[in-house]
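J.: Sequence:
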Amino acid sequence: MSRLNHETNEWHCKVVLFGPPTRNAVKLAAQLVTAIPLAEREVTWDSPPTDEPTLVARYRPANASLGDIKPVYMLHALRSAGSTAADRQHVLHNTDGVILLLDLESEEQSIFAERELERFLSTYGKTIASMPVLLLGASPLDDGQQARLNANSLSYFAAENATTLQRALHTLTSGLEEDSGLAGIGFDLDDFDNDGSAVDLDDIEFDDLHAYDDDELK
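Residue numbers (our numbering): 1 to 218.
Hints listed in this document are in silico derivations from the structure and should not be mistaken for laboratory results. Values in this document were obtained by computation on a predicted structure and should not be read as measured data. Hints may contain errors.
Here are the simulated EDC-like pairs of lysine to aspartate or glutamate, each with C-alpha atoms no more than 20 angstroms apart in a straight line [to be verified]:
id, residue 1, residue 2
1, K70, E40
2, K126, D87
3, K126, E116
4, K70, E10
5, K70, E178
6, K27, D87
7, K126, E178
8, K27, E108
9, K126, D179
10, K70, E42
11, K70, E7
12, K70, D179
13, K27, E105
14, K27, E160
15, K27, E107
16, K27, E42
Let's have the full structure, built from the sequences with the hints guiding it.
T.: Here is the structure:
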């Protein structure tokens, strides 16, 4: 649940990177966080407890504000594949927006994850339609995939490079700002660092962000 910190003049929002319990979904989450410019992200999982399934990063947009208020987006992601249903439900508690991660190599699990998202949100009195939600996958969807994987006709972004990942995050945070009633100055897409497109996203894992590595996960 978003809140305004009057002492720091910051508006804090929770965004969940939610998806099936697969390595590809976890990798997408890592790629999204890594695509944020270093000066705008604060990774807080250098030494997470061994029993803590969730990783959190703070995203502080340099070129966005709500008047004099500075938005801070808390990005929550499950740190490894093989997460439990209880962990996936818990991470959605008090969320303000969701990026649904699709594993295009495991469509059945991705379809189940979208249904699971709807079910878990309902336990908190929310729906996909009641908050900003978008889809993120590794590549563009063909017509068949669009029909199978996007039943709710949500905005879809392909994680082709850092710029498209930044655009996905910008789209979600813009929706949160609009819903807040505090919307002022937004992002300027021209300010995105296009040099980020040269990043080799295939090499990015949560390991690169000092997360725990579990070699036994499948």
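J.: Taking only the CA atoms, is the gap from K126 to E116 under or equal to 20 angstroms?
T.: holds (13 angstroms)
J.: Within a Cα-Cα threshold of 20 angstroms, do K70 and E178 meet the stated pairing?
T.: holds (14 angstroms)
J.: So if I understand the rule, the pair passes when the alpha-carbon distance is 20 angstroms or less; does K70 with E42 pass?
T.: holds (15 angstroms)
J.: Checking one constraint from the list: CA of K126 to CA of D179, max 20 angstroms. Satisfied?
T.: Distance of about 14 angstroms is within 20 angstroms: holds.
J.: Please verify whether K27 and E42 have alpha carbons no more than 20 angstroms apart.
T.: holds (18 angstroms)
J.: Can the restraint linking K27 and E108 be considered satisfied, given a maximum Cα separation of 20 angstroms?
T.: holds (18 angstroms)
J.: Holds or violated: K70 and E40, Cα atoms, limit 20 angstroms.
T.: holds (12 angstroms)
J.: Please verify whether K27 and E107 have alpha carbons no more than 20 angstroms apart.
T.: holds (16 angstroms)
J.: Holds or violated: K126 with E178, Cα cutoff 20 angstroms?
T.: This hinted pair holds, its Cα atoms lying about 18 angstroms apart.
J.: Mind checking the alpha carbons of K70 and E10 for me, to see if they're no more than 20 angstroms apart?
T.: Distance ~5 angstroms between K70 and E10 Cα, so the pair holds.
J.: Taking only the CA atoms, is the gap from K27 to E160 under or equal to 20 angstroms?
T.: With Cα atoms ~13 angstroms apart, K27 and E160 stay inside 20 angstroms; holds.
J.: Hint check: K126 vs D87, CA-CA at most 20 angstroms. Holds or violated?
T.: Roughly 18 angstroms separates the two Cα atoms, so the pair holds.
Going down the numbered hints, you'll see the structure goes against none, and every one checks out.
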